[in-house]
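Protein chains: 2
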Amino acid sequence: MKSSENLDFLFHPQTIAIAGVSENVNKFNFGLKFLEGLTQFGFKGKIYPVNPTGGKIGDKIIYSSLRDIPDRVDYIISAIPAPYTPQLVDDAAAIGVKAIHFFTSGFGEIENEEGKHLQQEVIARAQRGGIRVIGPNCLGLYCPRGGLTFNYDYAKTPGSVSMISQSGGNAAHCIQEGTSRGVYFSKVISMGNGADLNESDFLEYLAKDDETKIITAYIEGVRQGPRFFKALQAAAKAKPTVVLKVGTSESGAEAAVSHTTALAGSDQVWEGVLRQTGAIRAGSIEEMMDVAVAFDHIAAPNGDRTAIVGIGGGASVILADEFSSAGLSLPKLSDDTRQKLIGVFPSEAGRIFKNPVDLNHFESPEKFFAALKILDQNVETDLLAIHVAFDHFGLISKAEKEFWVTAFVQLIAQISKEMTKPLSVILHSYSSPDMKILAQKAAVELASQGIAAFPSIRRAALALSRFVGYHMRRAASPGSKRH
Amino acid sequence: MKSSENLDFLFHPQTIAIAGVSENVNKFNFGLKFLEGLTQFGFKGKIYPVNPTGGKIGDKIIYSSLRDIPDRVDYIISAIPAPYTPQLVDDAAAIGVKAIHFFTSGFGEIENEEGKHLQQEVIARAQRGGIRVIGPNCLGLYCPRGGLTFNYDYAKTPGSVSMISQSGGNAAHCIQEGTSRGVYFSKVISMGNGADLNESDFLEYLAKDDETKIITAYIEGVRQGPRFFKALQAAAKAKPTVVLKVGTSESGAEAAVSHTTALAGSDQVWEGVLRQTGAIRAGSIEEMMDVAVAFDHIAAPNGDRTAIVGIGGGASVILADEFSSAGLSLPKLSDDTRQKLIGVFPSEAGRIFKNPVDLNHFESPEKFFAALKILDQNVETDLLAIHVAFDHFGLISKAEKEFWVTAFVQLIAQISKEMTKPLSVILHSYSSPDMKILAQKAAVELASQGIAAFPSIRRAALALSRFVGYHMRRAASPGSKRH
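Line by line, the protein sequences are chains A and B. Counted the way the working numbering counts, the first sequence spans residues -6 to 476. Counted the way the working numbering counts, the second sequence spans residues -6 to 476.
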C-alpha cells in the first residue's frame, strides 16, 4: 500500500502523445476525437499523434512509434486496441513518460480471463517503467487549468469542485449537470478499472489539493477497503465530500463488475462507512451536483431554520412536506414577523403569512423585496428559500409568463445581493415546452450570478438538508474548522 | 351524506355567466381572464359577462345583474369579491342556475371567523336554491370535450385521464406535465375548499364516468373520511386510481388548512387507506403523471420481468440499482438470448450482454433493432425498456449529438411498432442547455407517437413498478377485470 502521492503532474502535462490516431475520419477513430477535443479546448502544450501506419492528420505528422517523437513526452492517451498496449508501455518507459491514460478497453472488465491477464501484464510493465496509469477503460482527465478534456464542449472556466468517477458516462453527465448550474470544476477523473491509480489514490490527492474545495465521487466499488475508509475520513474532515455509491442491488453489483471490475459491497456496509467518515451520501448524479451547488454557492448558515417564500398554496403544502421530510426545520413565524408582513401587504384573502409564506400573487417587486427583508432580519430563521412555480401562473398569456419569469429573475438577483442570510432559489413546475425553456433560461441566468438554484422542490430539500447538516455537525464539533 | 350523483351537467354547460368582468384590462381582472380563456379555448356556447357597473367588453354587453341576462344560464363563474357572493347566489337561484364555480377566495381558508361564516351562508343559500357549488377558492374545470378551461393554452385534445385537485396551481402543473408527455385529459377539477361538492363527490362520479379511464387526485385532506374511503375503494376497483396525498408533515398540514381548509390526517393512516383501497400512491405531481403515462401508453404486461437495453456502463449500474430498488425484477438473460445477441454483434470489448444490456456504442440501427427483437422474443422477460443517456455521448460534436438523438427517436418509433411486449423509453442525463432542448424535442416526438417516455431513471423505475404492480395484483385477483 502506497502512501499519499502528489499527483499534480498528471493534470499539467506540457506534451501529450495520442496513440491510435489514424488518418481516417470516422466515428470509431477515438484517437482523433481526443486530438480534436484537446485542440479545440485550447490545450497549450504540444500534441503528437502516433500510429504504426504513419501518415498525416491536418498539418500534424503521425509518428509510427512513441520512440520517433523528437520531444519529451509527459502524458500519453492510448486509444489503440488492447493487444498492442504492452508494447506501447515499453516504448513509453523507454522514452521516460510518467503517465498513460488508457481509453482502451478490453481488459479486466470483459468476461474472459485473457483481458484480466493482459491488464496485469500492462500494469506490471508500467510499474517497472515508473509509469502511473489512469484506467484502463475510461475517459481520463478533465482539468480546465491544465487544458485537459475528453470532450469538445466542456467549460474552460476552472472551478473548485473535483470529481472521481468510475464511469466515463457519469463523469460526463456530472460535468454537464454541474456546469449548467454554475458549478465549475478543478479536476474530473474518469478512472475506469483503476488498475494502477485507483479511487483511494485520487481521494488522498484531492483531500490535500488546494484547488479542490469540494470533492464528489461516483463509486461502484473499491479495491482497498481499509485504505479507502481512511482516505474518505481524511477527505471528509478536510472538505465537503459527496459520494454517490452505486451497485447496491444484486443486478447493479453484477453490472458494476462487468463495467469496471469494481466489487460493490453491501449497501449496509456502505451506509455505515459514509456515516462514520462524515461523507455526504447522494442518490444520483443530479443530487450530487445539487449538493455541490449548495456548497459552492451558499455561505454557511447558523442553523437549519428555513423560511420559504413564494406564490402558490398547493406548492406551499408540498414545500412544507418535502422540507420537513428532509429534516429541515420550518419554524413558525413570530407575531412580530407576521405583523411586519401584514404591514407590507394590505390584508387580503388568500395570502398566508405562515411558513411557507404564500404571497398568493405577484403584486409588486417592491413588496416582494420588502417581505424578503423582513424574513432576512427576523431572529427565528437562519436560511431563506424563494420558490417560483412556473405552471402555477394560471390565467395569464405566454407573453405575461415570460415577463413574470424575467422580472422574477431580476428581482431575485437584486435580492440576493442584499440578504445577509444564505439564500437559495427553487424553480419548479415547469412542464410545458415553453415553460421548460423559460425555466432553463432562468436557471442559467441565476447560475451565472452565482445564485444556488434548484430544479425541483424535492431536490432543493435534499440538497439543503445535506448542506445544512454538514455545517451543523461542523459547528457542533469544536475541533473542526468551519468550511 | 349524499349518494353518488351524475355530475355530467357540470362539464357540458351551454351558457356561462361570468360574474366580475370589468371593462378595465389589468392583471387583477380575473373575470376577464376567464372570459378570454374560454373564448380562445373555443367554448361553443354563449358567455355572458356580469358586473354591477355594466358597460361593454369588446362587443359583449356586461350585464348589471344575472337577472338581466336574456337567456337560460347553465353555469356561473364567480370572480367577484367574497362579500357580494350571497347576493349572487340568490340571483342565480332566481334564474334557475344549476352550478356555480367560485374562483372567489376569502372564505373558510382565511384566518378569521368571518370567512368561515360567509362560506356557510353561501353554501346554505346555494342548497336552498338547488345549486351545486365548485369551490370556493379554486380554478374550476378543465374539460376539453365541454370547451371548459381555466387557462388560455391548455390542449384542446380530450383524453382519458381525469384529475381531482385541492390546489389550482397543482392542477395547472399536472395538466402541463401530462400534456407535454402525451397524456390528455377528460376532466380536471380544481375544487379548492370543497364546501359543497368535495373530493368524495368527484371521486364517486369519476369512478363511474365512462370517459375517464385513469383517475388522479391531489389531496390535502378529506372532509368525510368513511365516505372517501368507500369512494376510493370503488374507484380503485374500477380503474387505476393514483393519489398524491400531501400535508403529511406538521408544517404541511398547517399550510393545507390555510390553503383549502383541508384536515390532512396522519401519514400512517393514509398509507393504510391507500394500500387497503388498492389505490396507487404517488410522491409528487410528476410521479403521478409518470404513472398516468404508463397506464395511458403501455399495454398490460404479463409479469414484472424487465429487460433494459441501451448505451452506457455507468448508466447500466444505476438502472439496475433503481429498478431493483423499486421492486422490479431484472432477470439474468438465458444462454440462448446471450448467444443470439453475441451473434448480432461481433464479440467486442466493453459490450455487456447481461441485463441491463450495455451496447457500449451505437453501431447501427439494424443491429440495435435486431437486439430488441431478440429481447422481445425471449421467454425470460415481460417488458422492455430502452434507455438513452444524452450526456454520455462523449467525444462527439454537437451536430453528431443532434444526429444521434434524431436517429434514436426514429429508431425507437419503428421499434415500438414491432414489439409484442410492452415497451417504454427512458431519456436521461441531459444536463447541458443544448441537450435539454434535444431531450425535450425527443420527449415530445415520442409522446406524440403514444410512446411512454420517462425523463429520468428513477422516475421510470417508480412509475413502471407501480404500473406493473397494479397489473400483477389484478391478475392475482380473479374477480377483477383486466384493465
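In case anyone wonders, no lab produced these hints; they're calculated from the structure. A virtual CB, placed ideally from N, CA and C, is assigned to each residue, including glycine. Mixed in with the good hints, there may be bad ones.
Now the stretches of chain A that chain B is said to cover, found in silico as 3 or more residues with beta-carbon under 8 Å [unchecked claim]:
| no. | stretch |
| --- | --- |
| 1 | 82 to 90 |
| 2 | 148 to 162 |
| 3 | 233 to 245 |
The hints, checked one at a time:
no., hint, in the structure
1, 82 to 90, "violated (count 0)"
2, 148 to 162, "holds (count 5)"
3, 233 to 245, "holds (count 7)"
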